[in-house]
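Here is how the chains run, residue by residue.
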Amino acid sequence: MKKTEYIKLIDTTRCTACRGCQVACKQWNEMPASRTRNFGSYQNPPDLQWNTWTLIRFQEHVDKNGDFKWLFRKDGCMHCTEAACIKVCPSGALYHTEFGTVGINQKLCIGCKACISACPFDIPRFNQETEKVYKCDLCYDRLKGGQQPACVLSCPTSAITIGEREAMIDKAYRRLDQLGGKGVVYGDKFVGGTHVMYILSEDPAVYDKLPVKPRIPASVILWKNLFKPFTLIGMGAVAGMAALHYLIKGPHEVHEKKEGDE
Amino acid sequence: MTNHYIDLKNSDVILIMGSNAAEHHPLAFKWIMRAKDAGARVIHVDPRYTRTSARCDYHVPLRSGTDIAFLGGMINYIITNKKYFRDYVVNYTNASFLVNPDFSFKDGLFSGYDAKKRSYNKETWTFQNDANGVPLKDPTLEHPQCVFQHLKRHYSRYTLEKVSSITGVSEENLLKVYEEYSATGAPDKAGTECYALGWTHHTTGSQIIRTMSIIQLLLGNMGIAGGGINALRGEPNVQGSTDHCILYGNLPGYLKMPTASLATLGQYLKKNTPTCNDPQSANYYQNYPNFFVSWLKSLYGNAATPENEFGYSWLPKLDDGKHYSQLHLFDRMYKGGVKGLFAYGTDPAVSSPNTNKVRKALEKLDWLVCANIFDNETASFWFGPGADPKQIKTEVFLLPAAATMEKEGSQSNSGRWVQWKYKAATPPGDAISCGDIQIRMMDAIKALYAKEGGPNAESILNLKWDYKDRQGNMDVLKVAKQINGHWEADVEVVDAGQKKLFKKGGLVPTFGMLRSDGTTSCGNWIMSGSFGEDGENKMARRGKEDPTGLGLYPNWSFAWPVNRRIIYNRASCDIYGRPYNPKKKVLEWTGDKWVGDVPDGPWPPMADKEKGKYPFIMKTDGVASLFGPAMAEGPFPEHYEPLEGPLAKNPLSSQLINPTIELFSSDVDQVANASEKFPYVCTTYSCTEHWCSGALTRWQAWLLEMQPELYVEIGEELARELEIANGSKVKVSSARGEVTCIAMVTKRFRPFIIEGKTVHQVGLPFNYGWLYPKDGSDSTNFLTPSVGDANTFCPEYKAFMVNVTRI
Amino acid sequence: MSGKIQNMVRVTDPIERIAHWLLAGSCLFCLFTGLGIMFRSWEFIPELLGGLYAVKWMHIFSGVVFAFALAYAYVMWKKDCAFEPDDAKWIAQGGGYLWKTNNLPPVYKYNAGQKLFFWFVVVFGALIVLSGLVMWNPTAFPIAVARWSYALHALSALVIGSFFVVHLYLGTIGNPGTFQAMTTGWCSRAWCETHCPRWLAEREKGSSES
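Residue numbers (the working numbering), protein chains in the order written: chain A, 1 to 262; chain B, 1 to 807; chain C, 1 to 210.
These aren't lab readings, by the way, just hints derived from the structure by calculation.
Straight-line Cα separation of at most 27 angstroms, BS3-like style, residue types lysine-lysine; simulated pairs:
1) K106(B) with K137(B)
2) K774(B) with K26(A)
3) K69(A) with K176(B)
4) K69(A) with K747(B)
5) K423(B) with K538(B)
6) K30(B) with K26(A)
7) K171(A) with K144(A)
8) K69(A) with K30(B)
9) K249(A) with K89(C)
Facing chain B, a subset of chain A residues (Cβ under 7 angstroms, in silico):
10) R14
11) T16
12) A17
13) R19
14) V23
15) K26
16) A33
17) S34
18) F39
19) W70
20) P156
21) T157
For each residue, glycine too, the CB sits at the ideal point set by N, CA and C.
Kindly produce the complete structure, drawing on both the sequences and the hints.
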């Protein structure tokens, strides 16, 4: 099957934070609501949850010129090409789909939570009751059926759009030109390129919970690229050496003193 | 809307003032973003920085209730700096008309004020006429008595300094907006205005809109693509309900409700049918009798005959000088003067001002009938907070109603598009549509009257009431066709030189064919033409053709009147019919006909002195009104302070508040102006996540999750002063009541400098009630005063005074 | 029988042996299930044990057993495994396992190699338990702690696993006569003279005195 990689582009300069996407996501994925409290912000739930795969983050920001800005960022899975979550997932529940996105198969998930801390974007969430991890799968079922993801479909201002990889990267940079260069394209320069990209009006460092240089954590690389293979190599090597020792030196016999052998 | 949603994309400058478009019209905002993509400037003027502000080029905060001052300053700027579109102003407005020399304006009052009645005698608010009864004009606009000079004098008082001091907007920001917006006075530039409840919810609401209309006329922005004054109305058919007379003073199609003194049809028609002696004025309302009599025929059918004045005498009449708005209704109910109330799809125990008064008033009813898709605070008022069920004798009926998706019918958007929709699901359980509830109830009432008789029985017994299908349910198509209108007899009509015979029972193709002799019936004249003669339901049209390229989509649904997408569109062309902006041609006169949108009448442009007509055909004089004597407060809008404000004196005159508003005086109608006890200006609003009182949306878990409870937005400066922490519980109180809620401390509210003093403003949404969620607090309207606009009685939810305390 | 016992020495008591096998068993099981979780190629392990999800819980459960066994073993053996100066000499000569040596210092209960193994198991066992606890509920810890726990867990498994193989070899075929120490608890006198001469001497002296 021919692979068509998709990118979902989130243009924060067009987002009105109506949160249609947040509801559409729950509706399509049949995720229940949580009982929340107002904690002094429009943002709610306060963070991503196992049942909240996408969340508009509201942030009040005063820029260098002293201008006030209310920043809205739709948070959710970035669908990395070099996906830490897939790298650490023991069960194959997390996988790359034919669209380049990171799918999740809850049937396979064993709830080991390795992906939760491995993710450079802090996306996967654990459900205590089902003992499984949840996150956006970019509406894999809809993509397969030739439909747009629910969030894209719900967006009234075309702040969220989806299309083929190259075309969307191109679109992102054209939009940046339209904005007179006042903005940042985020997503194409790390982890092999994400399949969700942002057009940000501010420097990425300004945004809450957005890593400036996301990458697969060093601990994961050490673990998966070094320790993991060396566990087998090490044990195998030691076993081999023991065998060699047995063959060359033979067993370490006890010293006979008085009683003789029996 | 004079224009329509898609047309917003054609604008060069969009002023969003009195609206939080991004939050409350998120889909409409798409077109504002399209305009922005095409290079338009989008300006937001609003007391608070909202999600709309975040997407505009810039936001200018102003104190709640000072919009007229802000806009008056713009009029002054436009005239002083000659930014107006002179051709347009001279030809298409009453700027050149000479005003009655006895007309005057002094210290906040126009001539003819009666302080006792709190109203005006308008006899001096007129024009000087020539011998033929046609108003005298001075096209040079120099005559000191001409409207333009009056206008100039009136708004010369609105200097930058004065306006800044009233509104709290810096002079720099005022100039920035004025300059940018008045640049649309160029013939090829379009400026539009989007407003909503931020303008209507004031004691000066209608006049705020009038002020903007004056600006739009001065800049030549009416009738053009990307122009107009655009009320962004509620999603669920607010436009439709207004078209079909939700307001007490109206009959369908904005016909006037008769008053008791107009005893005969003749008197009524004489009063409401304007006459004009200028042959070039189409004065389209001269057809008023055709619309009204056809409406009577639709109401009483065969029982309506010329002999009985088509049943005019059976119509209920308003008492002269009495008002019947919701404010009056609850005032009267509170005083024990109302027996029963139908509250369909409404939750006044949350949504009406002065909740304490409303809930007490409900206790005085004998019976209350509610029809809703969920229970709400009104239907359950008798066991709500502070109510003692043992003491309340009101009998309450809660009827389960079908939701909008469970009904077929028409739905009108703000752009006057009447779109047909189909039923998506069957209502659950015993729920039926409100129409079916009405039909069954009226059937029963008719049967009772037939059996027992009663006062004004003819009105009920003669009512034409045959809107059922074979199963006995409401037949929406029958209703819709009656609204469109039928021929009540075989009639031969001469149309464009052709004789044509229309058969009795056939559909009337357009309101131009309605007659006052009883040969046509029509339930709502503006909707006439929504069906084709052949029975085609034009509201169900879904053609995506766009011949003008302006997004008019003439084959998508039906827009009243006669599928016109931009009203007053003849004003988009000069007096010869040449479009002012050839790049965005709404209409063009080709020498024998108009091409483009459906024109405001077929007549040639006004340069043709014989057959030509002025463009504003619905106005008696054929031109738009810079001088508008129909308004209660005066022909020119004037800034008055809200009923409750931070100032003891109006900086512009001795008239502190709107001199024509009605003041209610019950024991619970307390007012605290410029009081130390309630030092903060407060405004109320909705949020994207909830709708109106939240009676529908609070039950929706996904929406409640996002906005779970009542909050008050407080600026950081005030919060610091009051030592209020973000997310903590606070009490907000006014002279009328109090609510507890969560403090949302934000940079989005900044204090204003008003008349040299720091004034803080706070704001609360009005989407919560005690019934559900249980811990989401209660109605914000405990705080708001029962007072309304002098023309519409729309309550002043947007500006009053409160105190905020920690708890 | 008595004659045999005459030639045998009881080197461990039952509690010691139970502790040892709990530790060894849970460790082996953790290793086995851990490998099954870590390596997709070792799918036969979860297949054998009723699926990966079940294996996750088995791993956690046996990890808890391991933690308690380790704690007990630490208390029990820490004295016997305390290093003494002679251990350096023993290590310098590779314990006589790698080349021929004549002057190995006489060992008390455990030789330096065994002590080293004990301390590696204690240290990395503690690390694997602690990191495992973090991994059980990673969101309760700072992200860096959670992330490094995974690496540390893998590293500890690598260390313990490798030592385990050495221990297995030396405790069985590498040193004939040793395995009984952890089965019956009885070893030959000769074995004791070879592996723990000082301990044997002290024990025999003590018993003759009494």
